[in-house]
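1 is the number of the first residue of the sequence shown in the numbering used here; add one for each residue after it.
Please note that the accuracy of each hint is not assured.
[Said to hold, decoys possible] Pairs of lysine-lysine residues, derived as DSS-like cross-links and limited to a Cα-Cα distance of at most 30 Å, are as follows:
no., residue 1, residue 2
1, Lys235, Lys368
2, Lys585, Lys532
3, Lys368, Lys532
4, Lys308, Lys235
5, Lys181, Lys475
6, Lys294, Lys205
Simulated from the structure, these hints should not be mistaken for lab results.
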Amino acid sequence: MVLANSERDLGIAPGNTDPQRIRNFCIIAHIDHGKSTLADRMLGDTGVVSEREMREQYLDRMDIERERGITIKSQAVRMPWQVGDTHYVLNMIDTPGHVDFSYEVSRSLAACEGAILLIDSSQGIEAQTLANLYLAMEHDLVIIPVLNKIDLPAAQPDRCAEEIAGLLGGSPEDCLRVSAKTGEGVPELLDRIVAEVPAPQSSSKAPRALIFDSIYDTYRGVVTYVRMMDGSLQKGQRVRMMSTGSEHELLEIGVISPEPTPAAGLGPGEVGYLITGAKDVRLSKVGDTVTSAKDPASEILPGYQEPKPMVYSGIYPVDGDDFPDLREALDRLQLNDAAITFEPETSVALGFGFRCGFLGLLHLEIVKERLEREAGLSIIATAPSVIYQVTQEDGTELEVTNPSEYPDGKVLDVQEPVVEATVLTPNDYVGRIMELCQGRRGTLGKMEYLSSDRVEMHYRLPLAEIVFDFFDQLKSRTRGFASLDYHEAGTQSADLVKVDILLNGEGVDAFSAIVHRDAAYAYGDKMTRRLKDLIPRQQFEIPVQAAVGSRIIARQTIRALRKDMLAKCYGGDISRKRKLLEKQKAGKKRMKAVGAVEIPNSAFIDAITQDTPTGKG
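All chains, full assembly: derive it from the sequences and hints.
Given below as structure tokens:
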């Protein structure tokens with residue numbers, strides 16, 4: 001039922017709401033399972049967004065989110081709801097569904113007491129949904145299983161309900177069946193949230209608020225999204241960020257309903273936003289604790305960690321004159337996304353650019369697209385690489401994020417990052433997935449049958465093997481039915497080597513790669529063949545070689561453009577022709593010694609952006 005009166009009249013105004021009337025929940029779902037559509041339907045049914053203002057994917061604010069149909073940034077919204085004669089406040093936190101943003105998901109879960117497990121009834125449970133479900137269980141959240149898209153002809157709600165019952169230990173009848181598109185079952189879902197999700201509990205009077213997201217506003221500075229865990233905060237109060245120690249005055253405090261609405265304060269259990277005028281989003285880190293500067297809390301809220309880059313890539317402007325613009329664009333982007341790290345680097349081939357750290361491949365892709373759109377830049381992103389820990393013969397340890405940093409001398413040991421990967425697939429494709437994972441140096445952990453035709457496979461894989469084309473290969477081998485989730489699982493020792501690509505005897509750092517020793521020849525052969533086709537012929541012969549240390553493992557030759565020196569000879573002695581050919585040969589030899597091989601930008605872009613094998617086989 002939609003609320004008609006103001007929140008103040010109903011006793012649920014921000015800052016004065018009885019915690020017993022608050023319900024904080026989030027939605028766990030895989031990409032394209034209807035999470036944003038369900039959120040839209042809830043906004044309409046609770047009356048916070050009028051029919052005239054409603055649009056699809058209302059909470060997805062970025063163009064990229066709307067075009068791709070994915071959620072990148074968490075969003076929170078406060079919705080009123082009435083059950084019987086009692087009015088309640090529902091705080092929904094919309095979470096990203098992709099593996100790259102799993103840390104943001106974990107912080108959103110920590111800000112809630114309940115979670116809606118949303119499953120597409122035509123596809124069943126996916127790996128990422130399963131991973132987030134286990135995260136929710138670790139946080140002791142109340143799980144409400146919901147089957148969406150029951151209006152589709154391909155829907156199989158009974159089969160999906162049995163799968164979920166097997167996971168959660170309940171009965172298939174516990175699964176609520178809804179259609180976010182038509183609105184069927186959504187009011188019943190809101191009633192069930194009120195009935196089953198517990199009210200927030202406060203353990204101390206000292207204010208503590210968990211930061212679950214922050215964005216940068218050009219005019220107002222950092223806007224921090226928080227969930228009040230203990231105590232309350234008021235406008236004008238001085239607050240402290242407990243991990244960074246920075247102190248600020250609260251210039252504005254309020255709730256999102258669904259647009260920012262200023263309030264006098266936030267009480268226990270409430271979800272809202274803070275504006276302090278800070279200009280650096282790194283001062284309001286996701287997972288940090290906000291407390292009062294005057295009467296600070298003694299303990300930070302558990303679970304805070306720095307977001308760690310998993311994948312590194314070099315980003316260079318196509319036009320070298322755009323380097324200052326690229327720096328400015330990255331600075332601006334970092335204000336909205338603190339997970340990006342970057343530092344300047346130079347490449348002999350590509351000029352000045354930046355070595356950037358990302359949470360994963362999707363994160364890299366989104367950052368690249370935003371730089372091109374928002375800053376109007378043409379950029380080259382080099383092949384992604386991961387962090388290696390290298391121990392040299394003298395015991396020196398190096399952290400290598402770029403093949404150019406790999407030491408030239410003998411190496412005692414190389415530690416590479418590994419991940420625990422979970423693959424969910426129909427049992428028809430188990431053999432193909434095993435073949436793929438073994439080809440990428442994977443080790444099978446365990447295999448479980450969720451139902452008669454769905455298998456959950458656990459593999460331990462090197463991160464370098466999955467950051468490039470593993471997901472594409474997985475989808476193509478299983479006709480799109482398999483899903484993947486992974487998380488960090490430490491490091492392991494590996495037999496890795498650096499493959500250098502030499503043009504006319506000179507190394508080109510942009511084409512170098514760190515690969516497994518068994519994959520070195522395959523990489524070198526493929527790269528030399530590709531460059532032979534991409535680099536235009538010169539006046540002299542150019543050898544294209546792949547080398548491991550001083551040993552050449554592959555070679556292709558770009559033949560010289562040959563001028564017909566004998567065209568002007570219409571006969572005469574053979575010695576005259578031989579003299580002209582010897583003269584040409586000497587000239588080409590001299591040209592090869594002093595001539596530089598010019599590689600056009602298009603050749604760099606084509607060579608770098610095409611798939612580069614990083615694994616065995």
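Checked against the structure, which of the hints given earlier come out wrong?
1, 4
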